[in-house]
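A.B. asks: Chain by chain, the residues run as shown.
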Amino acid sequence: MAESSKKRRRTNTDDLPFKNKLKPDSTILQTLKDFSTSSSSSSSSSKTLTLQDLSLPFSCREVSDLSLSSVQSNIESLVLRIAHSILSGNGFAFDVPSRAATNQFYVPELDRIVLKDKSSLRPFANISTVRKSAITARILQLVHQLCIKGIHVTKRDLFYTDVKLFQDQIQSDTVLDDVSCMLGCTRSSLNVVAAEKGVVVGRLIFSDNGDMIDCTKMGMGGKAIPPNIDRVGDMQSDALFILLVEKDAAYMRLAEDRFYNRFPCIIVTAKGQPDVATRLFLKKMKMELNLPVLALVDSDPYGLKILSVYGCGSKNMSYDSANLTTPDIKWLGVRPSDLDKYKIPEQCRLPMTEQDIKTGKDMLEEDFVKKNPGWVEELTLMVKTKQKAEIQALSTFGFQYLSEVYLPLKLQQKDWL
Amino acid sequence: MDSSESPTETKKTKSKTPRKNKETVLKQKSPAEFFAENKNIAGFDNPGKSLYTTVRELVENSLDSAESISELPVVEITIEEINKSKFNSMIGLIDCERVDAELYDDYETEKAREKRLAKEARAQEIQAKNAALGKKVKETPASKGIRGRGEASFYRVICKDNGKGMPHDDIPNMFGRVLSGTKYGLKQTRGKFGLGAKMALIWSKMSTGLPIEISSSMRNQSYISFCRLDIDIHKNIPHVHVNEKRENKERWHGAEIQVVIEGNWTTYRSKILHYMRQMAVITPYAQFLFKFVSDAPEKNVTIRFSRRTDVMPPVPLETKHHPSSVDLLLIKRLIAETSKQNLLQFLQHEFVNISKSHAERLIGEMGPDFSPKMALKSLTPQQLVRIHQLFRQAKFDDPNGHCLSPAGEYNLRLGIIKELHPDMVATYSGSAQVFEGHPFIVEAGVSIGGKNVKQGLNIFRFANRIPLLFEQGADVVTRTALKRINWSSYKINQLQDKIGIFVSIVSTKIPFKGTGKEYIGDDITEIASAVKYSIQQCCIQLKSKIVKKMQAREQQERKRNLSKYIPDATGAVYNVLKDMAETQLHASKKFRYGDDDGELLRKVYENLITKETLSEKLAKHVEQVDYEMALEYATQSGVSEEPREAIYIQPLETENKIIDLHSPFFVFRMFY
Numbered sequence: 001m002a003e004s005s006k007k008r009r010r011t012n013t014d015d016l017p018f019k020n021k022l023k024p025d026s027t028i029l030q031t032l033k034d035f036s037t038s039s040s041s042s043s044s045s046s047k048t049l050t051l052q053d054l055s056l057p058f059s060c061r062e063v064s065d066l067s068l069s070s071v072q073s074n075i076e077s078l079v080l081r082i083a084h085s086i087l088s089g090n091g092f093a094f095d096v097p098s099r100a101a102t103n104q105f106y107v108p109e110l111d112r113i114v115l116k117d118k119s120s121l122r123p124f125a126n127i128s129t130v131r132k133s134a135i136t137a138r139i140l141q142l143v144h145q146l147c148i149k150g151i152h153v154t155k156r157d158l159f160y161t162d163v164k165l166f167q168d169q170i171q172s173d174t175v176l177d178d179v180s181c182m183l184g185c186t187r188s189s190l191n192v193v194a195a196e197k198g199v200v201v202g203r204l205i206f207s208d209n210g211d212m213i214d215c216t217k218m219g220m221g222g223k224a225i226p227p228n229i230d231r232v233g234d235m236q237s238d239a240l241f242i243l244l245v246e247k248d249a250a251y252m253r254l255a256e257d258r259f260y261n262r263f264p265c266i267i268v269t270a271k272g273q274p275d276v277a278t279r280l281f282l283k284k285m286k287m288e289l290n291l292p293v294l295a296l297v298d299s300d301p302y303g304l305k306i307l308s309v310y311g312c313g314s315k316n317m318s319y320d321s322a323n324l325t326t327p328d329i330k331w332l333g334v335r336p337s338d339l340d341k342y343k344i345p346e347q348c349r350l351p352m353t354e355q356d357i358k359t360g361k362d363m364l365e366e367d368f369v370k371k372n373p374g375w376v377e378e379l380t381l382m383v384k385t386k387q388k389a390e391i392q393a394l395s396t397f398g399f400q401y402l403s404e405v406y407l408p409l410k411l412q413q414k415d416w417l
Numbered sequence: 001m002d003s004s005e006s007p008t009e010t011k012k013t014k015s016k017t018p019r020k021n022k023e024t025v026l027k028q029k030s031p032a033e034f035f036a037e038n039k040n041i042a043g044f045d046n047p048g049k050s051l052y053t054t055v056r057e058l059v060e061n062s063l064d065s066a067e068s069i070s071e072l073p074v075v076e077i078t079i080e081e082i083n084k085s086k087f088n089s090m091i092g093l094i095d096c097e098r099v100d101a102e103l104y105d106d107y108e109t110e111k112a113r114e115k116r117l118a119k120e121a122r123a124q125e126i127q128a129k130n131a132a133l134g135k136k137v138k139e140t141p142a143s144k145g146i147r148g149r150g151e152a153s154f155y156r157v158i159c160k161d162n163g164k165g166m167p168h169d170d171i172p173n174m175f176g177r178v179l180s181g182t183k184y185g186l187k188q189t190r191g192k193f194g195l196g197a198k199m200a201l202i203w204s205k206m207s208t209g210l211p212i213e214i215s216s217s218m219r220n221q222s223y224i225s226f227c228r229l230d231i232d233i234h235k236n237i238p239h240v241h242v243n244e245k246r247e248n249k250e251r252w253h254g255a256e257i258q259v260v261i262e263g264n265w266t267t268y269r270s271k272i273l274h275y276m277r278q279m280a281v282i283t284p285y286a287q288f289l290f291k292f293v294s295d296a297p298e299k300n301v302t303i304r305f306s307r308r309t310d311v312m313p314p315v316p317l318e319t320k321h322h323p324s325s326v327d328l329l330l331i332k333r334l335i336a337e338t339s340k341q342n343l344l345q346f347l348q349h350e351f352v353n354i355s356k357s358h359a360e361r362l363i364g365e366m367g368p369d370f371s372p373k374m375a376l377k378s379l380t381p382q383q384l385v386r387i388h389q390l391f392r393q394a395k396f397d398d399p400n401g402h403c404l405s406p407a408g409e410y411n412l413r414l415g416i417i418k419e420l421h422p423d424m425v426a427t428y429s430g431s432a433q434v435f436e437g438h439p440f441i442v443e444a445g446v447s448i449g450g451k452n453v454k455q456g457l458n459i460f461r462f463a464n465r466i467p468l469l470f471e472q473g474a475d476v477v478t479r480t481a482l483k484r485i486n487w488s489s490y491k492i493n494q495l496q497d498k499i500g501i502f503v504s505i506v507s508t509k510i511p512f513k514g515t516g517k518e519y520i521g522d523d524i525t526e527i528a529s530a531v532k533y534s535i536q537q538c539c540i541q542l543k544s545k546i547v548k549k550m551q552a553r554e555q556q557e558r559k560r561n562l563s564k565y566i567p568d569a570t571g572a573v574y575n576v577l578k579d580m581a582e583t584q585l586h587a588s589k590k591f592r593y594g595d596d597d598g599e600l601l602r603k604v605y606e607n608l609i610t611k612e613t614l615s616e617k618l619a620k621h622v623e624q625v626d627y628e629m630a631l632e633y634a635t636q637s638g639v640s641e642e643p644r645e646a647i648y649i650q651p652l653e654t655e656n657k658i659i660d661l662h663s664p665f666f667v668f669r670m671f672y
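Order-wise, the sequence lines are chains A and B.
Residue 1 is where the first sequence starts when you use the numbering used here, and the numbers rise one by one after that.
Residue 1 is where the second sequence starts when you use the numbering used here, and the numbers rise one by one after that.
The set of hints was computed from the structure by calculation and includes no laboratory data.
Small disclaimer: the values here were computed from a predicted structure and weren't measured.
Beta carbons are placed, not taken as given, at the ideal position from N, Cα and C, and that holds for glycine.
Please note that the accuracy of each hint is not assured.
Taking lysine to aspartate or glutamate pairs in the EDC-like style, the calculated list, with each CA pair at most 20 Å apart, reads [as the list claims (entries may be wrong)]:
#	chain 1	residue 1	chain 2	residue 2
1	B	509	B	398
2	A	315	A	275
3	A	386	A	340
4	A	132	B	554
5	A	132	B	557
6	A	132	B	350
7	A	223	A	256
8	B	611	A	162
9	B	564	A	162
10	B	29	B	232
11	B	332	B	350
12	B	84	B	398
13	A	149	B	579
14	B	271	B	518
15	B	564	A	168
16	A	132	B	568
17	A	343	A	378
18	A	33	A	238
19	A	149	B	582
20	A	164	B	568
21	B	320	B	295
22	B	483	B	526
23	A	414	A	25
24	A	286	A	208
25	A	247	A	168
Away from chain B, derived, C-beta distances all over 10 Å, residues of chain A [as the list claims (entries may be wrong)]:
#	residue
26	50
27	51
28	89
29	194
30	366
31	386
Same shape as in the complex, but just chain A:
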């Protein structure tokens, strides 16, 4: 495989900038191997912390995977309680954990956001909560049905069962998260999944619902990441690292150039903001294969934001951050300092809008950025120069510059933060 990629290289003898700096692939591979072993040994030596290990000054709410039957019995006991309450003439109310920003907390030791245990009452006989509590009851009933039948549906399916009540999908989705939070289980345990969004390609073999999948033989598009992670198992790989890509376009370039054959790796993208399935999948890969994760995102505040969602979770799903976050993701590129380092011409850089700058400044205040001095430096540079660039900006030197020069050179120099 290494040979074939060399052939490919020989045919492309363009004078790409910085190409002369590249050492032979074998040297780069050696550095990567060293890095991979060192990182796996370091991570295996340190036991992953859990919430229980820390003595936090407040209690936190975490959910876990529950079996279908326990979800069912949880729902049933909740419904029985409500029925009694109604019959005794007291109406009813749900006690829903608050997922507001004030109830979130970043724990530096865990490097992720956790949910505190504040909750709010959602009584039926109140004009501001009547709608939500009716929707909550309806979602509970629908999930109960799924439990009895033992099938999976998508969020869209769920929405269409009672469009008149839900009005739009955002409302049913929000309540669904409330319900999983309330029942103390992950969203996948409710048997409700989101549509497939993420894709994976590269040196990975796993079983999906019993079928063995070889991700090197999935064609150019790669394998769609299964929406319910419990189907996935038996992961095997000879990759040296996992490459996380923000954009579909960059992912396609790497897949087509079979980048994973030149440098053994697994390439994953969620095409923008990552969905739950992709995050779960990445976490599972990281845990089972113990590989370092390198991220390739745009050089703008949103690229970093996406990185943060993979890394320490989103606020919306913080109740399940333990399962959704992948610690120790390295920021490979495209970083603000790369713009000058790789002499990306002015016409490929975009001026940041007011909103961009504001987001950037806000992010400088966030804990997950502050914990990494390198990131702070890069972000400060971005806000200062007021310039952003997408991964595609590298195409200015040729469409294959990304896979031929930029990434190999980055890997050779171990240029990640």
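Since the structure of chain A is already known, use the hints to place chain B on it.
C.D. replies: Relative to chain A, chain B alone:
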């Protein structure tokens, strides 16, 4: 008809001069001639606007006149349409029939007639078809006869007031001499240049050639002056036809002015009515009677804007100039007019905000060749420039607003309520601020709802208590309301709600933009921010009212909104229970539930508890909660009831025969 004689003349001479290099003749123009040629400056752009401006100038003069003697104004305005033959007979012209039809502009050639008839026939056909299909047909406007240029309409405008009146001998000069007036000086007035009534006269002379008629009487004057005059435009002097004294039986005082002008009622009808309405808003202490009279009775209009209060704003005081607002010319004029002898006294007494010690310091600052005791007459032109420079650079206290006479929050509020009948209204009166040495006060009112108010923003602008109707787009008030107020943050829907915005600015000098004195520019930050602040203050007041109203509405709709979701909630709960009951039956051996729960599921299974049972119970609970909330709301809102508005009942003019009916709470006084 529109273009007067003189401009065409000047044009001709201009075009001729380059051709035949005749020696140029130095001509002089009287002010009257200048304004006759540039009548758009004074708002006489076209016949329609001229009619509007004439009404406006006469009404404003009447108000000024009545207010100057602290009399509650009563103004009657009548516009009388005069048709062509009547007009001809008025000027002594015999009606002429058209003999040579082709001579006229509106002559219809044979071809044109065919075309028109064909078009009309087609239109009728379409209409008939539509009618047959049962479509609602728009009323096609009756084909208007082509109105030729010669087809002018004439109007007699009569304005009668109960004001001060005019001294008998001054009347000719007051009307027959442009740029002569009683309103010069630094004072907040409606008119400023002494143009209004004279421009109406010039316009009448240009369009009809008929003189103006004035009746006037002053208080306690035994006679009425009657004067018929026109103006000699070239000499700018009055040309008096009649000036006589007549008997004053009713002891009337005031003025009545009659002028016949060309106008256009059809296109300016709404503007004139708007003007009257807005005037009634800003002067609720005045009574207006507006009448339009024509031969066609269906076109006649009579509107009475009745008095709503007898509280009048104080008469604006004449004030002295602020040092930072004067220019070189003005300084020279003040020196020529002053009675003071030396520089110190001059500075101290002819300007506001300069005390004696301050004047001494200023003189010291002027330089070594100035001294406090130096005679004013000895000042050289260079020294005057130095004084002017210092006035520009030195810091002076801002003038206070005592010389201003704003409408007052009370009057503004009454005016809005009286004319718009809004659901809600809030008013705010700002404190005096300063722009270029002239004090100004901004007052604002914001209303929601009301009759004859369209959805969205309705802007009413007033400057020195005159409504401004034209060139609304560029005005500071419009811009502020549209761009700088975040209506939604005050729970006001900018597009759906009927919002009335009233802003009144008074000042000794309103910084009008453009020639027509019709709008105030948006580039003066002092005024723009004062306007914004005032509107915001109104909105803040409104917000709490709106929130209260929304609460009240929520109060009424609470039960309905809550009940709406009962079927959804109970349906969901019941279905889960039913599923549970059924599974329990099938796996009856494993008894998973406690006693209560088991009992409940059994009842569900045996249909003793159904969806309806749950719904009934929940509905009862909702009712209970609703009752409690309503009770709570009633106790809360009962405390903070809105203050009641005083009502005003016009006193009847009768002898003071009264009976007082006493009750423990009020006295009812009956006049009979």
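A.B. asks: Against the 20 Å threshold, does the CA-CA distance of residue 343 of chain A and residue 378 of chain A hold or violate the hint?
C.D. replies: OK: residue 343 of chain A and residue 378 of chain A at ~16 Å, within 20 Å.
A.B. asks: Holds or violated: are the alpha carbons of residue 509 of chain B and residue 398 of chain B at most 20 Å from each other?
C.D. replies: 15 Å, holds
A.B. asks: Is the hinted pair residue 564 of chain B and residue 162 of chain A satisfied, with a Cα-Cα distance of at most 20 Å?
C.D. replies: OK: residue 564 of chain B and residue 162 of chain A at ~15 Å, within 20 Å.
A.B. asks: Next pair to validate is residue 564 of chain B with residue 168 of chain A; report whether the Cα-Cα distance is within 20 Å.
C.D. replies: 18 Å, holds
A.B. asks: Quick one, are residue 33 of chain A and residue 238 of chain A close enough, alpha carbons at most 20 Å?
C.D. replies: Measuring from Cα to Cα gives roughly 11 Å; hence the hint holds.
A.B. asks: Does residue 194 of chain A clear chain B by more than 10 Å, comparing its Cβ with all Cβ atoms of that chain?
C.D. replies: About 23 Å separates residue 194 of chain A from the closest Cβ of chain B, which puts it past 10 Å; holds.
A.B. asks: Given the hint that residue 223 of chain A pairs with residue 256 of chain A, does the C-alpha gap stay at or below 20 Å?
C.D. replies: Holds, at roughly 14 Å.
A.B. asks: For residue 84 of chain B and residue 398 of chain B, compute the direct alpha-carbon distance and say whether it is at most 20 Å.
C.D. replies: Violated, at about 57 Å.
A.B. asks: Can the restraint linking residue 414 of chain A and residue 25 of chain A be considered satisfied, given a maximum Cα separation of 20 Å?
C.D. replies: OK: residue 414 of chain A and residue 25 of chain A at ~14 Å, within 20 Å.
A.B. asks: Taking 20 Å as the top limit, are the C-alpha atoms of residue 29 of chain B and residue 232 of chain B close enough?
C.D. replies: Holds. Residue 29 of chain B to residue 232 of chain B sits at ~12 Å (cutoff 20 Å).
A.B. asks: Taking 20 Å as the top limit, are the C-alpha atoms of residue 320 of chain B and residue 295 of chain B close enough?
C.D. replies: 52 Å, violated
A.B. asks: Run the distance test for residue 132 of chain A versus residue 554 of chain B: straight-line Cα separation, threshold 20 Å.
C.D. replies: 17 Å, holds
Of the numbered hints given earlier, the model fails hints 6, 12, 21, 25, 28; all others are met.
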